[in-house]
Structure formats: structure tokens, C-alpha cells
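Dock chains G, C and A with the ligands against the given chain U, drawing on the hints supplied.
4 protein chains.
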Amino acid sequence: MKAFVVEAPFKASVQEVAEPACGPDEIRIAVERVGICGTDHHIFKGEFLSPYPIIPGHEFSGTIDQIGENVSSFTVGERVTADPTLVCGACYYCQTQRFNHCEQWGAIGNTVNGAMAEKVVVPAKNVMKLPDQMSFGEGAFVEPVACVVHGMNQLNAKAGDRAILFGVGAMGQQLVQALVKVGVSELTVVDVEEDKLALAVEWGATRGVLSTHLDEELAEERLFDIVVDATGIPAVVQKAFTFLGPAATYLQFGVTPQGSNVQLDPFTLYHKDLKLLGSMAINQTFIPAFHWVANQRVSVEHLIRRTVTLEDLAQYFQDGPTAKDMKTQLQI
Amino acid sequence: MKAFVVEAPFKASVQEVAEPACGPDEIRIAVERVGICGTDHHIFKGEFLSPYPIIPGHEFSGTIDQIGENVSSFTVGERVTADPTLVCGACYYCQTQRFNHCEQWGAIGNTVNGAMAEKVVVPAKNVMKLPDQMSFGEGAFVEPVACVVHGMNQLNAKAGDRAILFGVGAMGQQLVQALVKVGVSELTVVDVEEDKLALAVEWGATRGVLSTHLDEELAEERLFDIVVDATGIPAVVQKAFTFLGPAATYLQFGVTPQGSNVQLDPFTLYHKDLKLLGSMAINQTFIPAFHWVANQRVSVEHLIRRTVTLEDLAQYFQDGPTAKDMKTQLQI
Amino acid sequence: MKAFVVEAPFKASVQEVAEPACGPDEIRIAVERVGICGTDHHIFKGEFLSPYPIIPGHEFSGTIDQIGENVSSFTVGERVTADPTLVCGACYYCQTQRFNHCEQWGAIGNTVNGAMAEKVVVPAKNVMKLPDQMSFGEGAFVEPVACVVHGMNQLNAKAGDRAILFGVGAMGQQLVQALVKVGVSELTVVDVEEDKLALAVEWGATRGVLSTHLDEELAEERLFDIVVDATGIPAVVQKAFTFLGPAATYLQFGVTPQGSNVQLDPFTLYHKDLKLLGSMAINQTFIPAFHWVANQRVSVEHLIRRTVTLEDLAQYFQDGPTAKDMKTQLQI
Amino acid sequence: MKAFVVEAPFKASVQEVAEPACGPDEIRIAVERVGICGTDHHIFKGEFLSPYPIIPGHEFSGTIDQIGENVSSFTVGERVTADPTLVCGACYYCQTQRFNHCEQWGAIGNTVNGAMAEKVVVPAKNVMKLPDQMSFGEGAFVEPVACVVHGMNQLNAKAGDRAILFGVGAMGQQLVQALVKVGVSELTVVDVEEDKLALAVEWGATRGVLSTHLDEELAEERLFDIVVDATGIPAVVQKAFTFLGPAATYLQFGVTPQGSNVQLDPFTLYHKDLKLLGSMAINQTFIPAFHWVANQRVSVEHLIRRTVTLEDLAQYFQDGPTAKDMKTQLQI
Ligand SMILES: NC(=O)c1ccc[n+]([C@@H]2O[C@H](COP(=O)([O-])OP(=O)(O)OC[C@H]3O[C@@H](n4cnc5c(N)ncnc54)[C@H](OP(=O)(O)O)[C@@H]3O)[C@@H](O)[C@H]2O)c1
Ligand SMILES: NC(=O)c1ccc[n+]([C@@H]2O[C@H](COP(=O)([O-])OP(=O)(O)OC[C@H]3O[C@@H](n4cnc5c(N)ncnc54)[C@H](OP(=O)(O)O)[C@@H]3O)[C@@H](O)[C@H]2O)c1
Ligand SMILES: NC(=O)c1ccc[n+]([C@@H]2O[C@H](COP(=O)([O-])OP(=O)(O)OC[C@H]3O[C@@H](n4cnc5c(N)ncnc54)[C@H](OP(=O)(O)O)[C@@H]3O)[C@@H](O)[C@H]2O)c1
Ligand SMILES: NC(=O)c1ccc[n+]([C@@H]2O[C@H](COP(=O)([O-])OP(=O)(O)OC[C@H]3O[C@@H](n4cnc5c(N)ncnc54)[C@H](OP(=O)(O)O)[C@@H]3O)[C@@H](O)[C@H]2O)c1
Ligand SMILES: [Zn+2]
Ligand SMILES: [Zn+2]
Ligand SMILES: [Zn+2]
Ligand SMILES: [Zn+2]
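Line order of the protein sequences matches chains U, G, C and A.
1 is the number of the first residue of the first sequence in UniProt numbering; add one for each residue after it.
1 is the number of the first residue of the second sequence in UniProt numbering; add one for each residue after it.
1 is the number of the first residue of the third sequence in UniProt numbering; add one for each residue after it.
1 is the number of the first residue of the fourth sequence in UniProt numbering; add one for each residue after it.
Just chain U, with the same shape it has in the complex (with noise of 0.2 Å):
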């Protein structure tokens, strides 16, 4: 089959591989649609903890093509998305409700090989059928969507809660939804492009800032109950603190650099009884994404811009990810 082969940092093509069998409880998907995140432009850059030669690709969709021993609930020909995510299930912390600390933590397309193929092999119990009226596009937008449910149960929002979020790139918008289906009242969004913040007010954020507005434009208001920062810089970050009100609520979701420190007052945790708290990946909340998706509780379509193929791919990252785009999916 065809694949893309990252073989090593910045050294990617695509390459006539042979076919992955279905071992038992596993079942093979051909591939339909594959997001393209900014892991994999890590993948591509050699940031992050993969093995090499790797395929990437973790939000991906397609169609059942082999199933494998003891799976009895599919069969060849259903429409399919997976949770990339791989757990041992037996660690400390998988026994307590810490799976995304799995002691053993993979993930098809990071530490195995992914869905940027014609056929991806994936456990059958990550596997959920897509009804009819969800379309490959949107199944492969599911797994985006579990970080992001995982985020909102990391914050666990109060209904009415005032909320400001820090960049509305594809993560961003799809946040935007999420604050409001978890109860928030005012949103204000602050990006640095005036067409984004725009598409965010479309899908329900109550107000749009500039970054470069910010303080004049926010002079006046009451600090915030829940501050998110999804732009991952950290001078964002800590421009972001500042916006905390009383016992208010910080989410860092953003991916800032390691090792590149904000400063925080402990007596401004302690005197505002603060809350900041992170959000990592998934954590048992592709179910709850997928319900999301398939009901139209956070609309995704809208924010697949751009498709390309597998030829394209090595250009693509090549050139990397443009702030126009929001999401693109490889279209296998």
C-alpha cells in the first residue's frame, strides 16, 4: 500500500509499504480523512518522542477493511473512526482514572504507526461506527474534539460562568463551542487575526479582541471566572493571568515550549483562590467527543479548509502550517 514515511526528522515520502494484518481483537480501516495537527508538524520536525521511521496520523476515518480474531461487533464495510490513544489498562495510573499517565502510553500514528496510509490497524475496542448522517470529515475531527472535551472536564465550568480565550486557531474554535456547551454566559476571544475572531463571535463567542486591543479594550471589565489559553506562547500565558478575577479558573491547553517559564505570585494564588489547571491530551473522553460530533454539539466542518493528498503531504510540511488554513485533512 501507499504510505507517508517520515524516515527521519524533515526526511518524509511517500513509499510503497506493505499492508499491516490484523492481529486479534484489531481491525483495519481503510483510510478515508486524516487531520493534520500540530503533533504531526512535530512529528515531521523531530519534536517529539516518536521512533523513526514512523507513519503519522491519529484523527483519521474510513471504512472497515479486515477484521481480526474474537472482534465480533463489526463487520467489512462499516464507516469508522478510532481514539488513537493506547493504554495498558492494568498501571497505577490507568487503575486510577489517569489514562492519559498510562505508564505504557502510546498512540497510533505517534509511538505506532498511523493513518497518513491507505490501511491503519487499530484496536477494536478504539473503534466507534459512524452514524449516517456524520461524514468523514467530521469522524476524523473526533479526536481533536476529545482533548478538548477532556479540557472542559478539567475545568468543569459553572453555567453563567464569564470565560476569556487566548487564540482561535482550529483548537481555539472548536473551544469556543465547547465553553458555551459547558455553561459559560460572556465569551471574549483575542487572537491576532480580526478573521478568526469573527468566525469565533459566528460560533459563539460574545466578543472578539485583538491582542494588540487588549488592554484598552479591556480596561474596564470585571477580571474573568475562567481565563484559557490556547495559543500556547508564553508570554500569552502570562499576559493571561492577569486577567483572573476572583476565584477564577485558569486552563493552560495550549503546548508552550518545555522549559519556558511564566512567572506566578503564590500569593496571588493564595489570596484569589485560583485555580490553574492543565489539560493533557485524553483522557476516556473520545465517547463522549464522538457524541458531540455525531449531534452536532460542536459543529466542525466549517473549520476543514484545505484538503490534501498524499503527494502533497511532504511539500506540505515542507512549507508548514499556514494560520488561513484551520484544519486541514489529508483526503486519502
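Incorrect hints may have been included.
Because identical chains cannot be distinguished in the list, a pair is counted as satisfied if it fits within a single copy or across any two copies.
To be verified - Straight-line distance between alpha carbons at most 25 Å, and here's what the computed BS3-like set of lysine-lysine pairs gives:
#1 Lys272 - Lys158
#2 Lys324 - Lys129
#3 Lys158 - Lys129
#4 Lys158 - Lys125
#5 Lys272 - Lys45
#6 Lys11 - Lys45
#7 Lys125 - Lys272
#8 Lys324 - Lys45
#9 Lys324 - Lys158
#10 Lys239 - Lys158
#11 Lys45 - Lys125
#12 Lys11 - Lys158
#13 Lys324 - Lys272
#14 Lys2 - Lys45
#15 Lys45 - Lys158
#16 Lys272 - Lys239
#17 Lys129 - Lys239
If you're looking for bench data, these hints aren't it; they were derived computationally from the structure.
Chains G, C and A with the ligands in isolation, oriented as in the chain U frame:
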């Protein structure tokens, strides 16, 4: 001033009464709109704890008309609504976050004179200013939404939960929107009228089922994570219990006649890890509800299907509520 | 090896059976201690879902005797206990943190052969090593404590809550200690025997009340924040409901006979903002329970009032449990 | 009456002042015991928001001496303690369950005259009667325990969590007992004095570690689920962060000097799913704390190592707190 006075059960009329005067820390409101709800009918019929004579009216909005001593944060002419709840702030329950169980609990329009009059006096601390974009109709709708928000706080839904709601009258329609705003995915609604089901689906339900078709339509269905009663009918409650899935949560929002028991099997409660919850009125949820309404997280304007005048009221209560009306508001 | 085999309801004896062998990812334990609980009596009497013939025993400890393929973190001779729960990890309920509602739910000693034998085979992932200071008796007590911890997770008590507990048999005595460990202040316990009440008071209850003196002794009392049933008697459940105060929580820990309904007034559920909860078995609470027992947060040694041998078992089950014994353990 | 008056920073003496009189809804207490805490030292040194002159004293107990208008539930001669917190009950934060962030926040002994005097006047709603078995020393100890309970509410520990606590002075010793009462299993405590570590172990900690031996003793340790600072020392906070395990919670209970930043890596916050929380004073936790103390869930008598008289106070504050004292109380 003119006021609608219920002198005794089933004995009510518009009368000329003395204007109430503002005491310290109080505000007088020239009333614009008053929502009518089941409790008002109960007061009219003598089925509530009210003293007589009483002026009902606990869901209201209007314009500030007079300002009492010590009140500095309001000015005459401001458009406002107010939480009708009166609590002591001092008792065991007030001091352990159970204000709706205050040992001195009262409410404007229930235990003291309310807003079905040209003027009403309220504690300044209960008052919220309406932003420009918020109509008097919406202002008078914050109170029922505040009950709904308390229900959502009790419920504590998880992102992706599958829900079923019985009864989509005036409260049920708000619950539909609220359930979406706290994260449900699928939301089946059940009622006896097609119209109401259709309206619920328009505002976020995923499927409407006539109560007469319940068993056949849901026969194949996985049981639900959330079951809510908003009918207040014991037989519906009993039926609703049968839709509770593993580790599901049931919310008793509807008010059944006192003393009308249903059967509960404690084995099922245990074996399914169920949570059966009640939700009574407002517990510091007026401000969150206000924010939800002000930001259109819950839309209510379309539920106001009829307005009546002070002069209409006696006849209106005589006739009793009609299903078609959803919410009726008094326009002063 | 010797094993206690229940061939059919009321037909049980010690037999010589083949030693079970370790499959991959499994461990074989030379059994030391096995706690006997109500479920074992139900299996003996044919009142449980078990297949026959079966070797019961789901609360156990022992020494590792053989190690299966792929298991690297254990060695022969280590002292251990194990969670008897068998879940698929793959179904809808397993993947939404409701492992005790797994569609394939099973348990060692309930649905497959258990520990009332010289050897028992268990999945390696279920096994926990006993620290030196932890006795085999304590090791075999982690399982019931894990049920109690699940109950506490359901309950979600607040610091200072006032509680009443019905039934201080073997489980109730653990619940007393657990309720203290999740923050209750006053803790009234009710039972039919003075001795048990005294023991409960020794271990953290603040007052013991004989069930026959209930009404007179609690007549003047403020109603409770937390009410727990650990008798499994429907009449007690019905009575227990009457002690629920405003916004109180009820926990159904006791297992009542299936189909024995109690009366519930939905008006009360609504009007008091009640929470009625069930707690069924273990939901990823074996590790927390293990830590509680290992650190003496819940002390159990004094509840083991009787030990029996394999040879005693048939007679023991014939006689049925006696109130004086609290916990009986089998010593192999 | 005699009172200890701080006229200006570092200028304080016992003076004869007019007895304060009870206003409506108030109660006057003839003071018995007053706990002295860090805040009192800050007031003495001019490092707090207090106006001068002021009579400090916010942790107190005594006997009712006079009763104001409208107060019906108390009688002269009753033994009592009182929550020093003064909140408006009307502002945005009071009405959204954040009383400790009240826009008009004040406290007896901090912003108005307190209990270091023969008499003190307090709002009746703040008063709690001491049961017979509760000493004046314990009564004056409810206030700090109420801070600890707020900390526990913020923390929201799970049964079985493994915890480490830095600083076992007066507050840390209460935190040790409280952490046990909210479900921790292992509890490592760190301090600079062996004596305090030993005392902590006596009251529920599982291990004491000298701060100088921290790295070597915990080198092999699994990271913790809960990390609490009760030193208020920024360098300790920075160190404490390194003990946070996957999905761990950090509680800033200690009060660091304002403006003394520590370094926080947002990548770690994200990647470990951390929760960093603050806990400031009392948020409707006086009643729960009262119940905990009254029922000996938190024992405090042994922490009162020294009592002083009004006449001793000036010298006492001049000398500053000494580590050996744990809690010093003023005996009037
Ligand atoms: N927590 C998780 O599990 C998880 C999962 C997936 C992704 N992530 C992280 O989430 C973050 C967002 O991902 P993404 O795919 O949405 O990336 P993205 O498309 O690059 O979004 C970041 C957005 O922030 C904007 N931005 C840049 N500077 C800003 C500033 N000073 N103030 C406000 N906005 C600013 C960017 O604008 P320009 O593009 O014009 O610069 C962009 O629109 C990344 O850090 C990613 O690694 C986390
Ligand atoms: N918890 C609280 O704080 C709170 C606050 C306000 C109101 N409530 C209670 O909430 C409930 C709903 O109030 P509401 O104003 O929405 O009343 P409503 O307009 O009468 O709504 C009840 C709805 O249930 C429908 N219904 C009747 N029989 C049914 C059946 N067998 N199955 C399904 N639906 C059925 C009714 O249809 P028809 O009208 O055609 O019969 C109606 O549409 C009431 O019990 C009210 O007292 C509670
Ligand atoms: N939720 C779970 O996961 C789980 C797990 C294990 C067990 N359980 C259940 O928990 C319950 C308790 O188990 P157990 O082993 O402790 O049983 P147990 O030893 O029989 O305890 C029940 C206690 O209740 C007493 N009692 C009887 N009538 C009473 C009354 N009217 N008022 C108050 N107390 C009364 C009994 O006294 P006498 O013995 O003198 O009659 C006995 O001390 C059982 O129903 C069991 O099935 C539940
Ligand atoms: N959050 C709230 O609402 C609240 C309420 C009350 C108090 N507080 C704060 O809580 C903190 C503790 O109060 P406290 O009255 O218990 O004070 P404390 O008696 O001074 O306790 C601090 C303890 O930390 C020890 N310590 C010093 N250096 C240390 C190190 N490197 N590692 C570990 N321990 C070290 C101290 O030992 P030495 O005494 O020998 O130096 C002392 O035993 C203070 O910051 C106080 O302001 C907060
Ligand atoms: Zn794992
Ligand atoms: Zn009250
Ligand atoms: Zn399962
Ligand atoms: Zn306030």
C-alpha cells in the same frame, strides 16, 4: 396604585391600594412585565403557603422609581429585574450554601406582596440592571431560568451524556436549552403535543416522542444517562424511572402533588449506581441565569406567546393555564 | 489441590481438583486468607448469577506461586492481594468510567473460580503487593473496603456533614471509619445490638441508637445531611428516608431483595433538593482502598472475629452467618 | 474596659476604653480566650490592611454579656465563639458563593475592633454556642480550622490520595488532621524541626522528613497526588512543585510575601494535567469547622502550648512568635 389582589382563594380583583414605600436598602420598581407561572395559579386556588390578602407576581421587570436609604449603586429610571427570593443569610442553611432551605425563607409575590401591581418594593441586593439589548420580557424571565440553573447545578451533567426529558411546556422548553448548555449530546423529549415536541427540537432536542408512542419508539434504545421530569405527574415519574441506565442521574424538576408516592426498588438504586435528585427553586442561581439570558444562552422571547393586562388577570386565573400559551406575561 | 466446590445450590464440599495453570498475563496465588461475605452465602444458596459448579472466594490474599507469560513486575513468593473484578475495558461503560457496569462484568469467585482453594489464578493487573506491615487478614479485607470507597465516591460528603448510618455489621463498621475519613462530624449509628453500637462508637461514631429507641432518641434532632443504609432491609430504608434533611444525601449501600419496593414521594425529592444514591461494588476503587488499609486509615483486623478452615466451610455455610462474628475469614 | 490597642505599627498597649454597645442584631461577648496568629503580628508590624488604632483578635470565645435588639436565639451567659468574617451578602461575589471575595469584605479584629479586650461586639448571625464538652480554648480555635476546611473544599481530595505537606507549624498540624479527614492515605510531612514532625506523625502523618533530608529520603518515591504548602516560603513553594505527580493537585495554603514570584513551566502544567489551587481564609466554612472541632474530628487542645494575659501582649508581639509555641492564646 392599581394592584391585582388575591383576597382569599378564588377571590381576586384589581384594586386601588396604597403605593408601597421604600425602606432602607430597598428599591421601588415601576413594573413593566410579570411572568405568570404555576405557583401563581396555586396561590389563586389557595394551594400555596401564601398569606391572604396578597398581591402575587414573582417573575418581573420594570424601571426604578424610587430609591431607599443606603442604596448607592442604582438610580431612578434604570431598567431592572430582581430575584424574588428573601433569605435571612444567618441561619444554619443560609450559612451552609442552602439558601433555598433558609429557615426564614420567603419570596416577593409568594409570602409578601409582589409585582402584579403598578409598583413593587424589593431589597436593593436582589436587583440586577438590564443591559440595553435585554427586553423587559427577558428580564421577567430570569427567575424561571434561575430555577433551571439550580436544576443544572444539581444534575452536574458530563459532556456527551445522553438525556431524556419528560414534559416540554414552558419550563421544559427552557430545560431543553439548558441541558444543551451543560453538555448533553442526544436529547429525547417526550410530551403529549406534537407542537411542543417540534419547538423543543427546533431549540436543541434531537428527537421528540409522543408520550403515547414511548414504548415502541424507545424499545431498541440504550437506556439514558440523564432522565428529567418536568411534568410533575407521578405516573410520568414512575415511567421515567424505567429509562435510567447504569450510573444514570434522574432529576425531579416537576412538582408533583404532595403525598403522591411512586414505587422505588432500593435494589435497583444500589445495583445501577443511580442518582435520584431533586431541584427546588433558586439557590444563588439568579445571577448565573441573568447572564445566560442576557447572552442568549437560553432564549426565552419566543416562549412568551401571550400578554395580558391587570384587568384581564381575574378572568385569566379563573380560566386556568392553557397548554398553547407556554409563557403568559402580564404587561402593566 | 484441595478446593471448596459448590456443585449446585446447597451442595458443597471440599474436593481434590486440578491446579489451575497461569495463562499469559496471569499470576497464581497460593491462598492464605479468604474473607466470607453475604455474596458467598447467596452463591451457596443459589441466589446469585454464578454458574455451577464454582469455587467461591473473592476477598483473598496469599503468596505468589507461579507467574504467567509477559508478567515482569512480580516474583514468586511475594505476598499479595487482588481485585476480583473482571472487566473488558472495551465496552461503552468501561470507556466512560463505569467499570462496575461493564457489559462483560465478571468476578473471581463469582463468575469464575475463586479463592476458596489452595491456589487461585488471577490477571496480573489485578494484583497488589502487600507491604511488610500488612497482614494476610488485612490483604483479604481490601475488597470490601473497595466497595466502601466506591460508596464514599458516590456520596461526595462535605466537611462537617452530620450523618446517620443504619446497620453496623461487618460493612457498617467499615462505613463508620470511612465516613469519618471523608469528613463527617456527628455520626449516629443505628443497629439492633448494643455490642455493635459500642464497637462503632469506639471506631468513630458519636452516638449509638438501638433501632427500637430510634423515634424517641432522635425526636428533637435536626434532620441529617447524610443518611446511609447498610442493612439491606426495605423497612429500614423506608424509615431511613424520614431522617433526610434539606439538601441531604441518601446512600443505598445495603442490598435489599430484588423487587421489594419502598414508597418515594417525588414532591419531597423535589422540595428538599434531595440526592438519593446507590453504590454497587467496586469502580476502580481497589487501589485507593488498598492504600487506606495499608495506612490504617480503615482498621479491619479487629473485625475478623473468627477464622475457619476449608474443612469447616460446608458446615459454616449450612449454619449461615451469625451476627456475633462480624467478618469470618477462611485460613487455608 | 481594658483592651489591647495597637495605635500605630509597633505602638501598642493595654488601655482603658469605652465598652462597645450592642447594636440591633448584635451580641456582646465577655471574652475568655483569643488565639494569636500571623495576621495579628502583621497588624502589629503595620503589614496588613487594618486601620489604626485597632484592637486585634479574630479567633475568640467567651460568654454572652449583652444582647442587641431583634436577637432572640441567644441568652446572656451562654458560652460562644464567632466567625469574625463580615460580608455584605449583596455583592456579585457574595451572591455567587465567593463570600471571601466580598467587595465589602471585613473581619472583626482586622478591619474593625476585635477580641483582645474584655468585651467584643459581633453580629448575632456569626455566633455559635459551645456545647458543654467544648472548651473556650477549642472555641477560639474554630476560626483557623475554618480556614483549613476551606482549603480542604478547594483541594477536593479523593479517597486514597498520597499527600505531602510542607510546614507543620500551628496551621500545618491542623492540616495534617484535616487531610486525614478528607481521605488521604500516605501523608508525608516536611519541616525544619524534628519535634514538629513527631507531633504530626502522632496525629496522622505517616512519615516526617526534615527539609534538609528531602531529596535523599524521597529520591525513590513515586510522585504525589497532593502537595500542600503551609510554610508561606517562596523557595519551599518552588521546591514543592517538583513533587507533583501526574494529575496531581497543589494547594497554596501558606501566605507568601506579596510579589515574590516562583517559576512555573506551562508545559508541565499542561503535560501533567496539574491543578494548582489557592485557599484564602473562610468561605462559609465556619459551621463545618465548628462541627469538626466539637466532635474532635480535628483535635486542637494540644496545640495550645502557651497562654498569655492582656498585660503580656505588648511584650509578646515585640518578641515575635517562637516556633516552640505552636498556638498561643490570650486568656482574659
Ligand atoms: N491540550 C491538548 O490536549 C491539546 C490538543 C491539541 C492541541 N493543543 C495545543 O493547542 C494550541 C492551539 O492549537 P491550534 O491547532 O489551534 O493552533 P493554532 O491554529 O496555531 O492556534 C493558535 C492561535 O493563536 C493565535 N495567536 C498567536 N499569537 C497570539 C496572541 N498574542 N494572542 C492571541 N492569539 C494569538 C494564532 O494566530 P496566528 O496563527 O495568526 O499566529 C492562532 O490563531 C497549540 O499549542 C496546540 O499544541 C493542545
Ligand atoms: N423545580 C422548580 O424549581 C420548578 C420551577 C418552576 C416550575 N416547576 C414545575 O415544573 C413543571 C413544569 O412546569 P411548566 O410551567 O412547564 O408546566 P406545563 O407547561 O404544564 O408543562 C408540563 C408539560 O408536560 C406535558 N405532559 C402532560 N402529560 C404528559 C405525559 N404523560 N408525558 C409527557 N409530557 C406530558 C404537558 O402537556 P399538556 O400541557 O398538554 O398537558 C406540558 O406540556 C411543573 O410541575 C412545575 O410546577 C418546577
Ligand atoms: N454496596 C456494596 O457494594 C455492598 C458490598 C458488600 C455488602 N453490601 C451489603 O451491605 C449490607 C451490610 O452487609 P454486612 O456484611 O455488614 O451485613 P450484616 O453483618 O448482616 O449487617 C447488617 C446489620 O444491620 C443490623 N440490623 C438488622 N435490622 C436492623 C434494623 N432494623 N435497624 C438497624 N440495623 C439493623 C444487623 O443486625 P443483626 O445482624 O443482629 O440482624 C446487622 O448488624 C448487606 O445488605 C450487604 O449485602 C453492599
Ligand atoms: N490560607 C489561609 O487561609 C491561611 C490561614 C492561616 C494561616 N495561613 C498561612 O499558613 C502558613 C502557616 O501558618 P502557621 O501559623 O502554621 O505558621 P508557622 O507556625 O510559622 O508554620 C510554618 C512552619 O514551616 C516550617 N518551615 C520553615 N522552613 C521550612 C522549610 N524549608 N521546609 C519545611 N518547613 C519549613 C516552620 O518551621 P520554623 O518555625 O522552625 O521556621 C514552621 O514549623 C503561614 O504562611 C500563614 O500565613 C494561611
Ligand atoms: Zn496504564
Ligand atoms: Zn436563612
Ligand atoms: Zn466493559
Ligand atoms: Zn459581598
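Task: Structure versus earlier hints - violations, ascending order - done: Those not satisfied are hints 2, 9, 11, 12, 13, 15, 17.
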